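Once you have looked at the hints, place chain B on chain A.
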Amino acid sequence: MKKELFRIYLPAIIAMFFFSSCLKDQCTHTYSFYTPEYRTADEVRANIKSNDPVPVTKAGKLYLRGNYIFLNEPDRGIHVFDNSNPYSPKNVAFIDIPGNIDLAVKGNYLYADAYTDLVVIDITNPLDVKLKNVKEGVFPQRFYSTFFAQDSSRVIVNWKRRDTTVVATCGNDGFFGINPMKTDVLVLNSGCPNCANADFSNGNSSPNSPYGMGGSMARFTLMNNNLYTVSNSHLNVFNISNAEDPNFKKDIMLGWDVETIYPFKDKLFIGSMSGMFIYSVSNPDEPQQLGTFSHARSCDPVVADDDFAYVTLRSGTECLGFINQLDVLDIKDIMQPSLLKTYPLTNPRGLSKDGNYLLICDGDDGLKIFNATDRNNLELLSTISLKDTYDVIAWRGVALVVAQDGLYQYEYSDPSAPKLISKISL
Amino acid sequence: MRIIPGFVFLLIISLVGKSQDQNSSKPAKKVKVNFASYNTFNLLHSVESVHAGLQTVNGVSINNTFIGAGVAIDWYGMRSVPMFADFRQVFNLGRATFFAYGDIGYNGPWYKKEPATMWGYSHQSTDGGIYYDIGAGYLIPFRKRNAMILSAGYSVKEMAKSYQQVGWGWPTEEDLYEKFNYKYRRLSVKIGWRF
Numbered sequence: 014m015k016k017e018l019f020r021i022y023l024p025a026i027i028a029m030f031f032f033s034s035c036l037k038d039q040c041t042h043t044y045s046f047y048t049p050e051y052r053t054a055d056e057v058r059a060n061i062k063s064n065d066p067v068p069v070t071k072a073g074k075l076y077l078r079g080n081y082i083f084l085n086e087p088d089r090g091i092h093v094f095d096n097s098n099p100y101s102p103k104n105v106a107f108i109d110i111p112g113n114i115d116l117a118v119k120g121n122y123l124y125a126d127a128y129t130d131l132v133v134i135d136i137t138n139p140l141d142v143k144l145k146n147v148k149e150g151v152f153p154q155r156f157y158s159t160f161f162a163q164d165s166s167r168v169i170v171n172w173k174r175r176d177t178t179v180v181a182t183c184g185n186d187g188f189f190g191i192n193p194m195k196t197d198v199l200v201l202n203s204g205c206p207n208c209a210n211a212d213f214s215n216g217n218s219s220p221n222s223p224y225g226m227g228g229s230m231a232r233f234t235l236m237n238n239n240l241y242t243v244s245n246s247h248l249n250v251f252n253i254s255n256a257e258d259p260n261f262k263k264d265i266m267l268g269w270d271v272e273t274i275y276p277f278k279d280k281l282f283i284g285s286m287s288g289m290f291i292y293s294v295s296n297p298d299e300p301q302q303l304g305t306f307s308h309a310r311s312c313d314p315v316v317a318d319d320d321f322a323y324v325t326l327r328s329g330t331e332c333l334g335f336i337n338q339l340d341v342l343d344i345k346d347i348m349q350p351s352l353l354k355t356y357p358l359t360n361p362r363g364l365s366k367d368g369n370y371l372l373i374c375d376g377d378d379g380l381k382i383f384n385a386t387d388r389n390n391l392e393l394l395s396t397i398s399l400k401d402t403y404d405v406i407a408w409r410g411v412a413l414v415v416a417q418d419g420l421y422q423y424e425y426s427d428p429s430a431p432k433l434i435s436k437i438s439l
Numbered sequence: 025m026r027i028i029p030g031f032v033f034l035l036i037i038s039l040v041g042k043s044q045d046q047n048s049s050k051p052a053k054k055v056k057v058n059f060a061s062y063n064t065f066n067l068l069h070s071v072e073s074v075h076a077g078l079q080t081v082n083g084v085s086i087n088n089t090f091i092g093a094g095v096a097i098d099w100y101g102m103r104s105v106p107m108f109a110d111f112r113q114v115f116n117l118g119r120a121t122f123f124a125y126g127d128i129g130y131n132g133p134w135y136k137k138e139p140a141t142m143w144g145y146s147h148q149s150t151d152g153g154i155y156y157d158i159g160a161g162y163l164i165p166f167r168k169r170n171a172m173i174l175s176a177g178y179s180v181k182e183m184a185k186s187y188q189q190v191g192w193g194w195p196t197e198e199d200l201y202e203k204f205n206y207k208y209r210r211l212s213v214k215i216g217w218r219f
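So the sequence lines, in the order shown, correspond to chains A and B.
Residues in the first sequence are numbered from 14 upward in steps of one, following our numbering.
Residues in the second sequence are numbered from 25 upward in steps of one, following our numbering.
Possibly wrong hints are sitting among the right ones.
Below are the DSBU-like pairs computed for lysine-lysine, each with C-alpha atoms no more than 35 Å apart in a straight line [as the list claims (entries may be wrong)]:
hint: 1; chain 1: A; residue 1: K71; chain 2: A; residue 2: K366
hint: 2; chain 1: B; residue 1: K203; chain 2: A; residue 2: K71
hint: 3; chain 1: A; residue 1: K436; chain 2: A; residue 2: K145
hint: 4; chain 1: A; residue 1: K432; chain 2: A; residue 2: K400
hint: 5; chain 1: A; residue 1: K143; chain 2: A; residue 2: K345
hint: 6; chain 1: A; residue 1: K354; chain 2: A; residue 2: K62
hint: 7; chain 1: A; residue 1: K37; chain 2: B; residue 2: K54
hint: 8; chain 1: A; residue 1: K354; chain 2: A; residue 2: K366
hint: 9; chain 1: A; residue 1: K263; chain 2: A; residue 2: K62
hint: 10; chain 1: A; residue 1: K400; chain 2: B; residue 2: K168
hint: 11; chain 1: B; residue 1: K203; chain 2: A; residue 2: K173
hint: 12; chain 1: A; residue 1: K71; chain 2: B; residue 2: K207
hint: 13; chain 1: B; residue 1: K185; chain 2: A; residue 2: K173
hint: 14; chain 1: B; residue 1: K185; chain 2: A; residue 2: K400
hint: 15; chain 1: A; residue 1: K366; chain 2: A; residue 2: K148
hint: 16; chain 1: A; residue 1: K366; chain 2: A; residue 2: K432
hint: 17; chain 1: A; residue 1: K37; chain 2: A; residue 2: K148
hint: 18; chain 1: A; residue 1: K103; chain 2: A; residue 2: K262
hint: 19; chain 1: A; residue 1: K37; chain 2: B; residue 2: K56
hint: 20; chain 1: A; residue 1: K37; chain 2: B; residue 2: K185
hint: 21; chain 1: A; residue 1: K173; chain 2: B; residue 2: K207
hint: 22; chain 1: A; residue 1: K436; chain 2: A; residue 2: K345
hint: 23; chain 1: A; residue 1: K262; chain 2: A; residue 2: K71
hint: 24; chain 1: A; residue 1: K436; chain 2: A; residue 2: K103
hint: 25; chain 1: A; residue 1: K400; chain 2: A; residue 2: K263
hint: 26; chain 1: A; residue 1: K278; chain 2: A; residue 2: K432
hint: 27; chain 1: A; residue 1: K37; chain 2: A; residue 2: K103
hint: 28; chain 1: B; residue 1: K56; chain 2: B; residue 2: K168
If you're looking for bench data, these hints aren't it; they were derived computationally from the structure.
Quantities reported herein were computed from a predicted structural model and do not represent experimental measurements.
Just chain A, same shape as in the assembly (with noise of 0.2 Å):
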């Protein structure tokens, strides 16, 4: 009996020995990351022409300009398209300025953002722009934050993905899970190891005013002689008497989380999460506050016309907040806007008024169009369902919008039944 005992069970005594060398937990993480392709600042500045057009992956501002349509890709430049046919817009050519997130147009010039840096671009043809002038560290907002060490004496100009895969703690030591240093939630590996700090844009007037026109989700606009910028904090002001040579005049402080800047006759309406500002520049180099409209916290374009400003507010990651609505403020008293109504909406973007026609990119709802002759009665004429709506121009009858998949324009001379005349696709 004991031998047979020991026959069958020696085998096994010597396989749990084996197995209790293997009484470790085994964890994976993998992730990807990104690591930047630098370029010196002379190769970036040489290459800011234009180049041959490439597909857009990701669409970013606007700018209408006459015939042509500028059209951002984040952080990596603009995209030129010839529109003298809406129908058949083409895309001709591209203007390589990492960092860029923003542009204005004046005349034949061409204001934008390259990091830090103020660009400014001859567009006079736009198949051969020029680079004319760069003012350095205007921006001190667009550095790299956090844990993120950039080598300072290049430019990033683009960002490789990398995948990997490591070992990871399996956060399981304890007895019977009694450890008072244990956390419910593993940390993640990347976090948010940087993130860039702030970004900036463009303004408003008609595609065929010296001035071009820009959607209401801008940050950078130009008002006369004056380009003024946003960031995330500042209202910068740039006098271009000198088209060609940007004297940054002042910065003026006006809270956290500033979104947007729209020009309206001699006002600048400032849009952040937390409310509305009004700025008088009747002074162009010294913007005066007039007034102010608070909001509960969320993101908020805003468009204007005589006594009426037009606010959507949206919430989101990046927004906070829990509204999504639009807020028709009367602005009579310019020193006291107050709320004169206000309409739910899904996730409102990007807004653009045109006549008495209202556009409103309602995120995934798709562009809406209201009559907005009543701003107490506001009439949703049609929606055009398209998905992710960032941003809109509106400009005699034709909407140029900036969707997820790709930059639609629509002829909406009968509001209630818009037509597509062309899609360039992402």
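Just chain B now, kept in the frame of chain A:
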């Protein structure tokens, strides 16, 4: 793939047991088929921690061979619910009754509502994986077919968690995903009751 030698080992034990039955000169026994239930409290022990588990295995015992299905609650690491097939071979050696067992199956995640987003990440899924347990023990009979179970084995369960980075969009707008794979390897010591 350490699981394979383990189950080969079990099979050998089973065959050796059968072979010994066949080699014996005793007359052939009548085949006995009974329902059996093994219910245990498990101590799951690795070099990193100790956790607990509960398990029930129910099935059919044909002579000394048992085939059944089991389900457990396993608190080791991330709480989970292993569901598995169970094979046992019992050896009656005098007054002591020994057995060897092997389990193989799916380690299902315990449902737990996670925050939609946390620190810029959204939890996508918690996925289960393979579960196996192999070991040996003995039964201390009392009152008819009841027995106390004592066993030790080597148990492995696998799980995975996926996250998507949301909101930051930096340095690109591309969606980023992260995945954690967990392979918990531990000694499972069980005490319980068979009926």
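Hints, verified against the model:
About 25 Å separates the Cα atoms of A/K71 and A/K366, which keeps this hinted pair within 35 Å; it holds. Under the criterion of a C-alpha separation no larger than 35 Å, the hint pairing B/K203 with A/K71 is consistent with the structure, at around 26 Å. With a CA separation close to 32 Å, the supplied pair A/K436 and A/K145 stays within the 35 Å bound. Restraint check for A/K432 and A/K400: satisfied, since their Cα atoms lie roughly 17 Å apart, inside the 35 Å limit.
At most 35 Å may separate the alpha-carbon atoms for a hinted pair to count; A/K143 and A/K345 exceed this at roughly 44 Å. Restraint check for A/K354 and A/K62: not satisfied, since their Cα atoms lie roughly 47 Å apart, outside the 35 Å limit. Restraint check: the Cα-Cα separation between A/K37 and B/K54 comes to about 46 Å, which exceeds 35 Å; the hinted pair is violated. Restraint check: the Cα-Cα separation between A/K354 and A/K366 comes to about 17 Å, which is no more than 35 Å; the hinted pair holds.
For the hint pairing A/K263 with A/K62, the CA-to-CA distance comes to about 29 Å; that is within 35 Å, so the pair holds. Annotation: proposed proximity of A/K400 to B/K168 is violated, straight-line Cα distance about 70 Å (limit 35 Å). Of the supplied pair hints, the one linking B/K203 and A/K173 holds, its CA atoms being roughly 20 Å apart against a limit of 35 Å. With a CA separation close to 39 Å, the supplied pair A/K71 and B/K207 exceeds the 35 Å bound.
For the given pair, B/K185 sits about 25 Å from A/K173 by alpha-carbon distance, which is consistent with the 35 Å threshold. Proximity of B/K185 to A/K400 is assessed by CA-CA distance (about 29 Å); at most 35 Å being required, the pair is judged to hold. Restraint check for A/K366 and A/K148: the C-alpha separation of about 33 Å stays at or below 35 Å, so the hint holds. Among the hinted pairs, A/K366 with A/K432 is consistent with the structure: their alpha-carbon atoms are about 18 Å apart, no more than 35 Å.
The straight-line distance between the Cα atoms of A/K37 and A/K148 is roughly 58 Å, outside the 35 Å bound, and the hint therefore fails. Distance check on the hinted pair: A/K103 and A/K262 sit about 38 Å apart at the alpha-carbon level, beyond 35 Å; violated. Distance restraint check for A/K37 and B/K56: the Cα-Cα separation of roughly 41 Å exceeds the 35 Å cut-off, and the hinted pair is therefore not satisfied. Taking the CA atoms of A/K37 and B/K185, the gap is near 19 Å; set against the 35 Å cutoff, the hint holds.
With a C-alpha separation of about 31 Å, the suggested pair A/K173 and B/K207 falls inside the 35 Å cut-off, and the hint holds. Distance hint between A/K436 and A/K345 is unfulfilled; the C-alpha atoms sit about 39 Å from each other, more than 35 Å. Using a Cα cut-off of 35 Å, the hinted pair A/K262 and A/K71 holds, with the two alpha carbons roughly 33 Å apart. As the CA atoms of A/K436 and A/K103 are separated by approximately 11 Å, the hinted pair is consistent with the 35 Å bound.
Proposed proximity of A/K400 and A/K263 is contradicted: the alpha carbons are some 40 Å apart, above 35 Å. Under the criterion of a C-alpha separation no larger than 35 Å, the hint pairing A/K278 with A/K432 is consistent with the structure, at around 31 Å. For the given pair, A/K37 sits about 61 Å from A/K103 by alpha-carbon distance, which is inconsistent with the 35 Å threshold. The straight-line distance between the Cα atoms of B/K56 and B/K168 is roughly 15 Å, inside the 35 Å bound, and the hint therefore holds.
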